[in-house]
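Put the two chains together into one complex, using the hints given.
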Amino acid sequence: MKEQRQHHPPSWAQRFVEWYCKPGLVEDLTGDLNECFERNVQSIGPRRAKLIYIIDAIKFFRSYTVRSSIFVNLFMNRIMIGSYVKTSGRNIMRNKLFSFINILGLAISMSVGLLLIAFVLDLRSYDRFHKNGERIYRITNVVTSNGDDNGKFATTSTKTGKLIREKVSGIEVAVMRNNFSGDAKVGDNVLPLRGFWAEPSLFRIFTFPMVEGNPATALKEPYSVVLTETAARKLFGNQAALGKAIQVDTVIYQVTGIMKDVPFFSHISFEALVSLSTVEQNNTGEWTNMWSNAVYLLPSENADMATIQSQLNAIAKEENLAEEKTKIQLELLPLYNIVVGESLRQSEGGPGFAGPHMPPVVLWILGGLALVVILSACFNYTNLSIARATRRIKEIGLRKAIGAGKGQVRLQFLAEAVMISLAALLLSFLLFLVLRPLLINMAPEMQQTVKLDLTPSMVAAFILFSVTVGVIAGFMPAVFFSKISPINAFGSVASMKMFKHLTLRRALVVIQYTVTLIFITTTAVGYVQYKNILAFDLGFNTANILNIDMQDNKPDALLKELGEMPEITGLSRSLITTGVGNVWGGNMKYKDSRDSVLVMTNHVDENYLPLHDYKLLAGGNFAARPATTAASSEVIVNEQVLKRFNIGAGNPEKAIGEQITLNGRKMTIVGVMQDFHYGKVENLIGPVAFTFWTPKDRSIISAKIKSADMPATLAKIESVWKKIDRVHPFTAEFYDEAIEEAYSEFSTMIKIIGFLSFLAISIASMGLFGMVVFTTETRLKEIGIRKVMGASIGNLIYLLSRNFLFLLSVSALIALPATYLFFKIVVLPNYPYHTPVQLTELSAGLLVVLLIAFMMIGSQTLKAARSNPVAVLKSE
Amino acid sequence: MKGTNLGEFEELVLLTVAALINEAYSVAICDELSNHTGRSVKLGVVHAVLNRLEEKGLLKSELGEATNARGGKRKRFYQVTMQGKTALINAKSMRDQLWARIPTLAWKKM
Chain A
1 MKEQRQHHPP SWAQRFVEWY CKPGLVEDLT GDLNECFERN VQSIGPRRAK
51 LIYIIDAIKF FRSYTVRSSI FVNLFMNRIM IGSYVKTSGR NIMRNKLFSF
101 INILGLAISM SVGLLLIAFV LDLRSYDRFH KNGERIYRIT NVVTSNGDDN
151 GKFATTSTKT GKLIREKVSG IEVAVMRNNF SGDAKVGDNV LPLRGFWAEP
201 SLFRIFTFPM VEGNPATALK EPYSVVLTET AARKLFGNQA ALGKAIQVDT
251 VIYQVTGIMK DVPFFSHISF EALVSLSTVE QNNTGEWTNM WSNAVYLLPS
301 ENADMATIQS QLNAIAKEEN LAEEKTKIQL ELLPLYNIVV GESLRQSEGG
351 PGFAGPHMPP VVLWILGGLA LVVILSACFN YTNLSIARAT RRIKEIGLRK
401 AIGAGKGQVR LQFLAEAVMI SLAALLLSFL LFLVLRPLLI NMAPEMQQTV
451 KLDLTPSMVA AFILFSVTVG VIAGFMPAVF FSKISPINAF GSVASMKMFK
501 HLTLRRALVV IQYTVTLIFI TTTAVGYVQY KNILAFDLGF NTANILNIDM
551 QDNKPDALLK ELGEMPEITG LSRSLITTGV GNVWGGNMKY KDSRDSVLVM
601 TNHVDENYLP LHDYKLLAGG NFAARPATTA ASSEVIVNEQ VLKRFNIGAG
651 NPEKAIGEQI TLNGRKMTIV GVMQDFHYGK VENLIGPVAF TFWTPKDRSI
701 ISAKIKSADM PATLAKIESV WKKIDRVHPF TAEFYDEAIE EAYSEFSTMI
751 KIIGFLSFLA ISIASMGLFG MVVFTTETRL KEIGIRKVMG ASIGNLIYLL
801 SRNFLFLLSV SALIALPATY LFFKIVVLPN YPYHTPVQLT ELSAGLLVVL
851 LIAFMMIGSQ TLKAARSNPV AVLKSE
Chain B
877 MKGTNLGEFE ELVLLTVAAL INEAYSVAIC DELSNHTGRS VKLGVVHAVL
927 NRLEEKGLLK SELGEATNAR GGKRKRFYQV TMQGKTALIN AKSMRDQLWA
977 RIPTLAWKKM
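Sequences listed follow chains A and B, in order.
The numbers in this note's numbering rise by one with no breaks, and the one at position 523 of the first sequence is 523.
The numbers in this note's numbering rise by one with no breaks, and the one at position 40 of the second sequence is 916.
Fair warning: there could be bad hints in the mix.
[What the hints assert, rightly or not] Label-pair distances were calculated between CB atoms; the ranges are: (1) Ala-942(B) with Ala-306(A): 22 to 28 Å; (2) Arg-90(A) with Ala-942(B): 51 to 57 Å; (3) Val-361(A) with Ala-942(B): 56 to 62 Å; (4) Trp-975(B) with Asn-320(A): 42 to 48 Å; (5) Trp-975(B) with Pro-10(A): 45 to 51 Å; (6) Lys-451(A) with Ser-969(B): 57 to 63 Å; (7) Trp-975(B) with Thr-207(A): 37 to 43 Å.
[What the hints assert, rightly or not] Using 30 Å as the maximum straight-line C-alpha spacing, the simulated BS3-like pairs for lysine-lysine come out as follows: (8) Lys-932(B) with Lys-680(A); (9) Lys-406(A) with Lys-50(A); (10) Lys-22(A) with Lys-936(B); (11) Lys-936(B) with Lys-59(A); (12) Lys-863(A) with Lys-394(A); (13) Lys-918(B) with Lys-22(A); (14) Lys-968(B) with Lys-50(A); (15) Lys-751(A) with Lys-918(B).
In short, the hints are calculated from the structure, not lab data.
Bear in mind that the values here come from a model prediction, so they are computed numbers and not experimental data.
Note that the Cβ used here is the ideal one computed from N, Cα and C, for glycine as well.
The following block holds chain B by itself, in its conformation from the complex (with noise of 0.2 Å):
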């Protein structure tokens, strides 16, 4: 079922989205996420997981108060939904699972 699951970059956009608080819109969210991943992160692309986040109900949005700023045009701003918040802690528990099934010694091994 779409929409159960949360791409690794996906559950990235998510966190960031929560992380802004009230300031998460698109440039935002991708500055952010270059200063904390170190990858360059392309607008479009962070542009189309909002809006495919958004589609499964992960994310919420509306438009902001006009500017002067960027032409005149109104910011977009995301929030993160009931649903999404539930898709990040199952995503984080089950990491945290996984983790506390590695043995100590094996990380020795490696």
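The following block holds chain A by itself, in its conformation from the complex (with noise of 0.2 Å):
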């Protein structure tokens, strides 16, 4: 006979059945299972039959095959379950220390942990209150261009909708237009309205209730709008609106319907829905004009989404024959994949489709960093719970001596620890109501995007979260202490083989104040870089000067109150805010008219360059005063262009009324500019050109005030800002307050990396604590002897923490070199005007830290060192 291995089913998986079943039943349902298991180890393998195995003897509990005695059981442990509970509060309460940094410690890395659930919560709860979410699916455009990817767009352009409509049947379709946007008149009264053009089937797709007026009808006339109902109440107050006229610029639209305001939590916001007939009748709606529509469908409820899909394309192969360089091809993206899900690229249309997004990448990253926080508060809540076990040997030796089973000292502790977790529950909650407003505060997206309101689901998961993390933290020292036999409990704690994970030990403690340094390192040199931007040397003076848009108001009324206002003492205009990211652009020929250059340009009046103090190497400010772009002939330059043409030969004097072409316009230099930087820190220097503002520009002023009271003064400006525009509301911003929002990426990521950083350095001290803790109590007979034969206090506390200073330098080695490369290599080459990273910022990171853990181990050590060894020694 062929000798062949035999396997046997997972027999803890067998017990449990026999455990849990009725008798009468044991029999036919382990018979079943072995029968399916042999048949599985010949047809796919043992390891598999073994997991088919157990899930199917945990499939088989159920309520008629499991005894009934099981269930008293269950609740006899509930009540013991009470008594441990009594038993662990006591614990606490006893050793409030040790409990209280174990809180603190969880706390502070659970409310992370909380701040990540509740933001995950509010993406995912995106575009639910649909009634029909779950079937609805928006259309991605796939494109390629001359054989280029061009990537996904959320948008689609009206024929696709319309060709759907036709070839694909039992499907509702709506498209919507990007940004109807305008001032909406009401007698008198003007508001700001913003929303999207769209189809009356849109209200068939979405769940956005009517109160009055017919979803069915409403949107299908054009000139029809539908408000919401605080669109409506701001518009005409208190009076019925239904029926109503406003009117937009010059176009009169109809109120054909009032509906209730769209949900915080969806991603298409808008103030008002405008029939999409209104534009429709003057849109040639090509298959390659897909810039600004997104197209919704809605498939009838048995509809298979293949053949749907398998139609889409037929569609899109057929149109993409007619066009040469661009392919389009069509997807469907379900509507709950669109907030959490893929990035689409959306085209320059406005704020539109593509609404809040978060790539769940960016999810899984955030909840890596918290799964490292929250693990390492939990090695650090098994630690020092084993790092006490000198203390609490004798108390569980016994509990067993007197009869106690190993799961019952398991449960207890487990509770013990959940318990803890709890009550660590209940600080971070305190915690993340501190952090809520700071984390939602941080960008303006976020505001946005999140409002980390608590609901009952969250609640139930931050609960569920501290009873994981209860759990976790608590196993390690559940399964510790049950294994202590009641003999070796009342010998020797030294004897027992609680040195068995120490390399593992001193391993972590490398590892977390690695981690820790490389997060303060990078945040102080992260800090000083960020303000070595802020106060760089931009090439022209921001200081004291404040931008106001205009907002397509015309300046001259303005400049005129203004200029009365004695605090001002300079006002200019321009086109836009260079310094801050903003670029307007011009093409640049000279003599050669094959070699044309893109330039930065700028449309300032004659004020622009004394006020921002630019320095002129040659020539002089505007003569001109054209009143048209096409009047305007003279150009001021930057010496790039000089460089860049070879004008004037290195000579600035010698450009002057030198003609170079911009834009296809003839233009005379009529100045010479030294070089600034007109766009961020982190774009290189290149030719910049200044032209004559003009009345058909948009317009910033900027003025520049002189004044005691600042406060006073803006509201004045406000004020006169009223008597010219009554509608928009007073947008100003400093120069210097513009550059710092700039870079506001940059300060976020320091306050988070920040953030961390200081839930790394609780985290790691606490560790170290229980380290040093655990170290000197093990070794209090040690240092009695000594202290007997005549060691001093110093030598005591060398000896003490000589291996942690090791461990800690070891971490310096690895941390430092690592901070330092991580931003010469990867971040800072990226600014070419950066300044180098200092010593200094290293060195301040790694003395903050260090200090720490000096008084962590010192404070220990010290304790330890001058016991008496009498009291110790005396012990045995």
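Here's what the structure looks like:
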């Protein structure tokens, strides 16, 4: 007979079935499991067969198979848990310091977990209010042009919508178009209004309830508008809005419906919907004109998505035939995957269909970081609990001696850990409340994306999370203490195998401290770099300059009013604010008409250069005052322009009077500026040309202010603004603030890393503290003997802390070069005008960490070194 | 009243037991169902349904002879009772009546 290895089903699973199963059914069920197992071993191998056996064994656990006595036992255990809670509570109260450290450590790390849970739950609650949400899809356009992959777009042409409506049966289609916006006028009341152009079918796909009006017809006729309740109230006050007219620009729209406000967690948000038929009349609806529309689909309930996809493919194939350059594929994107899902490109149509968005990978990274922090805290709990073993082994021994089983000891320790983590949850919830506004206000996008308000499911998730953390943290101590035999417990503590994991713990201390050091030095270096950028000499002066956005108003009236204010020492007009990442480009040519260069431009008036202290190397300010763009003939350029075209052979004076062509118009160079930073600090300085500001341009008014009472002056300017424009709120910003804002992603980053450093350092400190307590407690006798033999306190401190110092130096040796290289290789090359990383920032971070670590080590070792040898040695 | 109506899966299981005659025990029923329906049928589910059908009185069961396979455990064989048979016949005739009511013309339109 052929020799064959015998495989056996996992015995614990078999015992599990025998334990819970009614006696009458045991034979039958285990027989079935065995038969399937034998068969699976043959067909899919022993490993998977075992897995299936286990799954089946658990699946057989049903109300009709389970012995009723089991439930009685579980109930008894519940009563026992009550007693565990009591003893655990006493234990927690007895060791206040120990419990406090554990609770604090867990609470701090759990607060990250809570923030993350709230964040994820908020993101996942997007668009869930639609009744048909699960069936709604949006069309994604996958574009290739000239063979290049252009990426995926959230937008589609209106023609796609039409074709789907014609060629795919049993499907509801709604086309939406971006950007209906303008100032709505009702009588004397003017308010900015924003929304979308949409079709009536929108109300059949999405759940946007109407309060007044008929959803089936409201968006049918051209020039109809549906307002949200809030928008209607703003425009009409308490009067009925239905049937009234509103004027936007020069067009009159009829209000045909009032709908409930769009919920916060909706990826499309708007105040008004205007019938798409209004703009449809003059829309060519080409297949490749896909830049500002979205198409939403609602297939009928039993539709087969694969069939619909193949129909879409057929449509795309046919349309692509007529195109030479651009090929478009259509994909279906489920509604629930819009907010948390793949990143899609959106065209320059303004804000629109992408809405708030978070790629899942970001969530994974955040989750990973949170997990590291939480595991680290759990590990500390474990470490501290076991470190305290010396004091608790006798208690456990006694429990066991009077008949407690392993399982009961285990349960007791788990209960204790869960109680600690629930206590930590209360504290971390307070932390969560403190951190929540900080997180939300970190970036404007955050405010529009999440609310982090408590919901029942969030509370449930928090509690579940806390219990899980407790179980993870308490798992190791529970196993450790349950293994203690009553005989050993009353013997010597040192004889037990408590040192088994010492190397692992040391490694973990090194890892924890390396991570901490990297976080802290990164924060320090990043902060210094950030401050350097803000203080960076851009080549022009930005102090005390207020930039007022005219928002399409004519600037002259405001200029006149502001000019009369004594606090304002200078005024100028410009097209854009430079130095904060805004750009405006133009094409420049010199003598060689084939050599064309993209130059950055700004349109400024004659006061702009002196107001901002631009340094002129040669020539002068604008002399002519052209009224139209076409009439302007003077240009002021920077040194880079001269260098690029080799004008004047290195001498700026010679460049004055030279002719260049800018955007097809002949212009004369009247001035040469010293190079300055037109873009952000990470951009290289390129050629720049200033031309004269003309009334057709959008205008930013720069006002130089000299005032002792800035808020009063600002209020005064705002009241002047109100006289000129009653509709739009006053938008003005100090130049320095605008620059700060331009680098806000930088400060956000520093805040996040700073917070993580805080977490890392608290957790690592607590871990170290646990280690120190553990070692000193186990070495107390040794210390006593050494003292008796005449060792000094200094000797003892050295003896006790040298190991830790060694560990810390190892972490420093890993972390500092890592941070240095990280900045040198990864971060700083992106910023050509950076300042190099200084040793001071690195060592400052190191110093902080070391100081805290020394305090941890010092306090405990000093305590141990000072202990009375008589008391220590007497105890045995 | 519980027991008058058969669920779709209950009906399938009951039919399979009837079809397997003397070989109807849980694993065989499971296999047979998988083969004929094309879906993956879980042992636990089949067992739960068999138990329910027995409670309803549509099936009866007894343990078979001891064998060496299955780790020496006996099989539990199932048989359709009179009540079970009636339930199956009722289900079939109800379906036949409904089928008969669909005019041929209506089919062509779909």
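Outcome of the hint check:
Checked against the hint of 22 to 28 Å, the C-beta distance between Ala-942(B) and Ala-306(A) comes to roughly 51 Å, which is inconsistent with it. Taken as a hint, the range 51 to 57 Å holds for the pair Arg-90(A) and Ala-942(B), whose Cβ atoms sit roughly 56 Å apart. Judged by the Cβ atoms, the range 56 to 62 Å given for Val-361(A) and Ala-942(B) holds: they are separated by roughly 58 Å. Look at Trp-975(B) against Asn-320(A): about 47 Å separates their beta carbons, and that is inside 42 to 48 Å.
A beta carbon spacing of about 49 Å between Trp-975(B) and Pro-10(A) agrees with the range 45 to 51 Å that was offered as a hint. In this structure the supplied range 57 to 63 Å holds for Lys-451(A) paired with Ser-969(B), their Cβ-Cβ distance being about 59 Å. Restraint check, Trp-975(B) to Thr-207(A): a C-beta distance of roughly 39 Å satisfies the suggested window 37 to 43 Å. The hinted pair formed by Lys-932(B) and Lys-680(A) fails the criterion: a straight-line CA distance of about 79 Å is larger than 30 Å.
Of the pairs offered as hints, the one joining Lys-406(A) and Lys-50(A) holds, with about 27 Å between alpha carbons and a cut-off of 30 Å not exceeded. Distance restraint check for Lys-22(A) and Lys-936(B): the Cα-Cα separation of roughly 18 Å lies within the 30 Å cut-off, and the hinted pair is therefore satisfied. For a cut-off of 30 Å, the pair hint linking Lys-936(B) to Lys-59(A) stands: about 23 Å separates their Cα positions. About 24 Å separates the Cα atoms of Lys-863(A) and Lys-394(A), which keeps this hinted pair within 30 Å; it holds.
Pair hint Lys-918(B) plus Lys-22(A) holds up; C-alpha atoms about 21 Å apart against a cutoff of 30 Å. With a CA separation close to 41 Å, the supplied pair Lys-968(B) and Lys-50(A) exceeds the 30 Å bound. In summary, the hint linking Lys-751(A) to Lys-918(B) is not supported, as the alpha carbons are separated by about 53 Å, beyond the 30 Å threshold.
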